[in-house]
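J.: As a plain string of letters, each chain reads:
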Amino acid sequence: MNENTASQIFKKIDSGTIVEIAAILIAVTLLILLLQKALPWIANRLPGKQRLFLLATVPLLRLALILIAFLIVIPLLVEPSFQNMIAFLGTVGVALGFALKDYVGSLIAGVVSIGEQTYRNGDWVQIGDVYGEVRHVGMRTVSIVTPEDDRVLVPHNQLWNVPISNANNGSARLQCVTDFYLAPEHDAARARALLEDVALTSPYLFFGTPIAVIVAETPWSTHYRLKAYPVDSAMQFRFRSDLTVRGKTALRSEGFRFANAMFATNSGQ
Amino acid sequence: MAASTDSNPQDERPLWQFDLLENYQRPTLPASGAMANAWHSVRQLFRVPEKQTIVSTTEAPDLHALTARQADQVMPLPESAPQVKALHTALADWLGEQSPGLSAQFIIGQPGNGTDQALEILAGHLGGTLVSPPPVREILAGDGRWLDDWPTDSLWILPNLEACFLRTVQGIAPIRHFFDHLSSGRLGKGIIGCDSWAWAYLQKVWPVPVPALALQAFDAHRLYRLLDSLAPAAARPLNIHHAISGKPVMVVPGAAGQSPHDYPELTSMAAQSRGNPAQALYHWRSRLRTAPESSADKATTEDECSSPDSNTLWLAATPDEPVVPLSSREELLLVLHTLLLHGGVDAALVPELLPFADTHCQWLLACLHQAGLAGPDKNGKWRVSQAGYQSVCQILRGHQYLLDYFQRAG
Chain R
34 MNENTASQIF KKIDSGTIVE IAAILIAVTL LILLLQKALP WIANRLPGKQ
84 RLFLLATVPL LRLALILIAF LIVIPLLVEP SFQNMIAFLG TVGVALGFAL
134 KDYVGSLIAG VVSIGEQTYR NGDWVQIGDV YGEVRHVGMR TVSIVTPEDD
184 RVLVPHNQLW NVPISNANNG SARLQCVTDF YLAPEHDAAR ARALLEDVAL
234 TSPYLFFGTP IAVIVAETPW STHYRLKAYP VDSAMQFRFR SDLTVRGKTA
284 LRSEGFRFAN AMFATNSGQ
Chain X
76 MAASTDSNPQ DERPLWQFDL LENYQRPTLP ASGAMANAWH SVRQLFRVPE
126 KQTIVSTTEA PDLHALTARQ ADQVMPLPES APQVKALHTA LADWLGEQSP
176 GLSAQFIIGQ PGNGTDQALE ILAGHLGGTL VSPPPVREIL AGDGRWLDDW
226 PTDSLWILPN LEACFLRTVQ GIAPIRHFFD HLSSGRLGKG IIGCDSWAWA
276 YLQKVWPVPV PALALQAFDA HRLYRLLDSL APAAARPLNI HHAISGKPVM
326 VVPGAAGQSP HDYPELTSMA AQSRGNPAQA LYHWRSRLRT APESSADKAT
376 TEDECSSPDS NTLWLAATPD EPVVPLSSRE ELLLVLHTLL LHGGVDAALV
426 PELLPFADTH CQWLLACLHQ AGLAGPDKNG KWRVSQAGYQ SVCQILRGHQ
476 YLLDYFQRAG
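Protein sequence lines correspond, in order, to chains R and X. The opening position of the first sequence corresponds to residue 34 in the working numbering, with each subsequent residue numbered one higher. The opening position of the second sequence corresponds to residue 76 in the working numbering, with each subsequent residue numbered one higher.
Derived from the structure by calculation, the hints contain no laboratory data. Just so you know, not all the hints are guaranteed correct.
Simulated DEER-style distance windows between Cβ atoms [stated by the list, open to error]: (1) Asp183/R x Gln278/X: 39 to 45 Å; (2) Ala111/X x Leu186/R: 44 to 50 Å; (3) Ala111/X x Ala222/R: 35 to 41 Å; (4) His317/X x Val145/R: 55 to 61 Å; (5) Ala222/R x His252/X: 14 to 20 Å; (6) Met172/R x His317/X: 51 to 57 Å; (7) Ser304/X x Ala71/R: 46 to 52 Å; (8) Ala222/R x Lys279/X: 52 to 58 Å; (9) Lys279/X x Val145/R: 41 to 47 Å.
Covered by chain X, according to a simulated footprint, are these stretches of chain R (three or more residues, beta-carbon under 8 Å) [stated by the list, open to error]: (10) 230-244; (11) 256-270; (12) 278-291.
From the derived model, a few chain R residues whose C-beta atoms are all more than 12 Å from chain X [claimed, not checked]: (13) Leu67; (14) Val127; (15) Asn199; (16) Leu227.
All residues carry an ideal CB built from backbone N, CA and C; glycine is no exception.
Chain R on its own, in the form it takes in the complex:
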């Protein structure tokens, strides 16, 4: 791009233009900050479904604001003709593509993830080895808080080559599976009924979906998988803990033996 071409593309930038651009950028930044504070504040006062919906709109609105700012600022810098825009965007694109390939890749993946709603705020996702609740979908990364309360930033460009598992996919419903391994010699029907009652009496239980107990024989135990839904996806670990604690108590009180105990006894003989 020689000097003449550049002068044809770019407008003459005076102090007024700079102030205008700065004002737009500041206004958009403030709006985004306000949005990112206000919407989660409101969302946290709403019940499950509405909360998730409102949280999911945050990145969409932010993207819309950025696009609007971009559309306002560009004509202030560039003579708004088709050729000029192509030349400008092409030059910027090539430069960014070479210099900041991964960064730009993440930005684009971020736009795709917002558009496709691969993950939204409030979703419980597994990306690679990371499992947790999506707390913030940024432009470059998604912020996930794990059950250990660690905040993990995962670049959006993982989207291209890592499978992403979304446990609740924008809804408040999330199935919890709690495992019990019992020594094989027992009344399986009674164990299954007991485990159903364990779920039925949990204060966290959501009643809109059925409780299921899946039973399977393994070489060393009978494996029970108690499947139920908590009232809110955020309760999943407390729900599973409650099922585990009360499940163990209920099974022990009726004389059921857990497989590891049986295994240890047999090994000792």
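Fit chain X to the given chain R structure using the hints.
T.: For chain X alone, kept in the frame of chain R given last:
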């Protein structure tokens, strides 16, 4: 009853009427009322609990709330007798059958409506045997001994089924045995009262459809007639005006040509209470205001109050309801839901029903008490307060907890 109400065909219905639960028709709001209600709900959602006030600040400052005694004098709570009579009427055919198709009749009561007391009185009238719930330790142990001494040879009445189970693995065993015995006909003929929230849960424990009767909804018509019937002779004629606008809200007894449609406050009250008369009456009484030296004050001295202008009361705006504090909201909701599902719980039993330590449960109960959402009754059982009932139901509905039949949407 006002002469005008007789002209309305709907007023041919008995004031207190028990019918099938499925026939319950929840009163609805007109569009304008629904908008106001929605706005009130939004305000409730974002209100800071620490700033809550029980009395609306928009009313005239020289009005003051009635004391409990004053409220009893101008608008006493209903006695059980009409409800007992209505129960007797609803059960008359079934009671007369020698071999009834149903061995037992279920009566579902909304919180605060006193259906359990009415059933106890009915037991006396019918000469039936009143059955007590099993001791708590037997319920916790899953012990079914309770059924061994059942009065199978006579009519029996169990007024509070909600006290016969606890939401634990062992605690639902006795109620399962009970349902099992009942469906096989081994328990003989009886009447069972159950709180509506407990009934919703028990239908999950024993998912066999059973017909049940319930006190039918108090819509604006019935509320008007109820308030009319409750106003004692000494308080008549009673003029109630709006505390802010000064417009007449209700006149007891009603003038000829008036109908309950002339009283939009009653329509709104009926819809907000979802037809629960106890809720409607609680809010109605709590909104009544008196001016200094007005009839209600005079009534305390038992002076004459025959002058038409002397019996004037003022109806304050709907007060802000208590809200569930944001901190520990999840745990507080679990406690509130537990209190509702059991129709009230002893404080000592709460840790048995929730996965929290004793001290933490006590702290949560104290938080609810402080927020005005729950408290112990005269028997020491913790219950959701009348003042907080509607807001608790609303938030439980929003979070999709199990609700009773009357609180479900639609």
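J.: For each hint, tell me whether it holds in the structure or not.
T.: Consistency of the hints with the structure:
1. Asp183/R x Gln278/X: 39 to 45 Å: The hint (39 to 45 Å, Cβ to Cβ) holds, given that Asp183/R and Gln278/X are roughly 43 Å apart.
2. Ala111/X x Leu186/R: 44 to 50 Å: 46 Å, holds
3. Ala111/X x Ala222/R: 35 to 41 Å: Given range 35 to 41 Å: violated, Cβ gap about 55 Å.
4. His317/X x Val145/R: 55 to 61 Å: 57 Å, holds
5. Ala222/R x His252/X: 14 to 20 Å: 18 Å, holds
6. Met172/R x His317/X: 51 to 57 Å: 54 Å, holds
7. Ser304/X x Ala71/R: 46 to 52 Å: 51 Å, holds
8. Ala222/R x Lys279/X: 52 to 58 Å: 20 Å, violated
9. Lys279/X x Val145/R: 41 to 47 Å: Because 43 Å falls inside the window, the suggested range holds.
10. 230-244: holds (count 9)
11. 256-270: holds (count 4)
12. 278-291: holds (count 5)
13. Leu67: Holds, since 17 Å exceeds 12 Å.
14. Val127: The claim stands: Val127/R keeps its Cβ more than 12 Å from every Cβ of chain X (closest is about 49 Å).
15. Asn199: 20 Å, holds
16. Leu227: Answer for Leu227/R: violated, closest chain X Cβ roughly 7 Å.
Hints 3, 8 and 16, counting from the list given before, are not met by this structure.
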